[in-house]
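Q: The chain contents come next:
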Amino acid sequence: KAGVTQTPRYLIKTRGQQVTLSCSPISGHRSVSWYQQTPGQGLQFLFEYFSETQRNKGNFPGRFSGRQFSNSRSEMNVSTLELGDSALYLCASSETGPSYNEQFFGPGTRLTVL
Amino acid sequence: AQTVTQSQPEMSVQEAETVTLSCTYDTSESNYYLFWYKQPPSRQMILVIRQEAYKQQNATENRFSVNFQKAAKSFSLKISDSQLGDTAMYFCAFIVSGSARQLTFGSGTQLTVLP
Chain S
314 KAGVTQTPRY
324 LIKTRGQQVT
334 LSCSPISGHR
344 SVSWYQQTPG
354 QGLQFLFEYF
364 SETQRNKGNF
374 PGRFSGRQFS
384 NSRSEMNVST
394 LELGDSALYL
404 CASSETGPSY
414 NEQFFGPGTR
424 LTVL
Chain Z
12 AQTVTQSQPE
22 MSVQEAETVT
32 LSCTYDTSES
42 NYYLFWYKQP
52 PSRQMILVIR
62 QEAYKQQNAT
72 ENRFSVNFQK
82 AAKSFSLKIS
92 DSQLGDTAMY
102 FCAFIVSGSA
112 RQLTFGSGTQ
122 LTVLP
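Residue numbers (this note's numbering), protein chains in the order written: chain S, 314 to 427; chain Z, 12 to 126.
Looking at chain S on its own, in the form it has when it is part of the complex (with noise of 0.2 Å):
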């Protein structure tokens, strides 16, 4: 099976602007979380998607949302940029049983706010 796929890996933006990252699932697995990597906090967790509904957010401002497709692709968007959101953001999927939680990350995609 092909891993977990992130498009871009590499973005550039100004303060301001929005972006959207792109995350393709591992095939059968039905959830996706998304992760934010920076030196200062390191890793927290962004938002869960599993069948087109967000089952679990984090504590990062509205400026961050996200949404699962039928196929189980995933985007998040970042509005109102800011310097703050320059990070390595990753998403993981995983299958849907009731105990197993084991989850396939992403090569991720960094982003830079100048």
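Derived by calculation from the structure, the hints in this document are not laboratory data. Because the structure is a prediction, the values reported are computed rather than measured. Where a beta carbon is used, it is the ideal one built from N, C-alpha and C, also for glycine. Check before you lean on any hint, since a few could be wrong.
[Said to hold, decoys possible] Chain S side only, calculated, beta carbon under 8 Å to chain Z, not exhaustive:
| id | residue |
| --- | --- |
| 1 | Phe358 |
| 2 | Glu361 |
| 3 | Leu401 |
Given the structure of chain S, go ahead and fit chain Z onto it with the hints provided.
A: Below, chain Z without anything else, positioned relative to chain S:
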């Protein structure tokens, strides 16, 4: 809320030797999973090993093993016969069993294997 603490920001080990990375966590949950992830310079997060909290037996994957002490809320990773390719940032992570897929990560330990 769950917290994961890794108190060793950096460690180094000679090639072929053994090293242990420490992790402690705090939770009031009884059913959960613990993981060690490896993030090499490529930034790809790779699962190294997982442990189900209800299992007494420590997990082992080839050269990687854990020492899971549930009462002490401790979850250390032992790497035997260290190889240069083991150089990476290692993250301890926690997740509550159930439908949510929210991993809580520690701050990471940068491991360098020296030739």
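Q: Of the numbered hints stated earlier in the document, which are not met by this structure?
A: none
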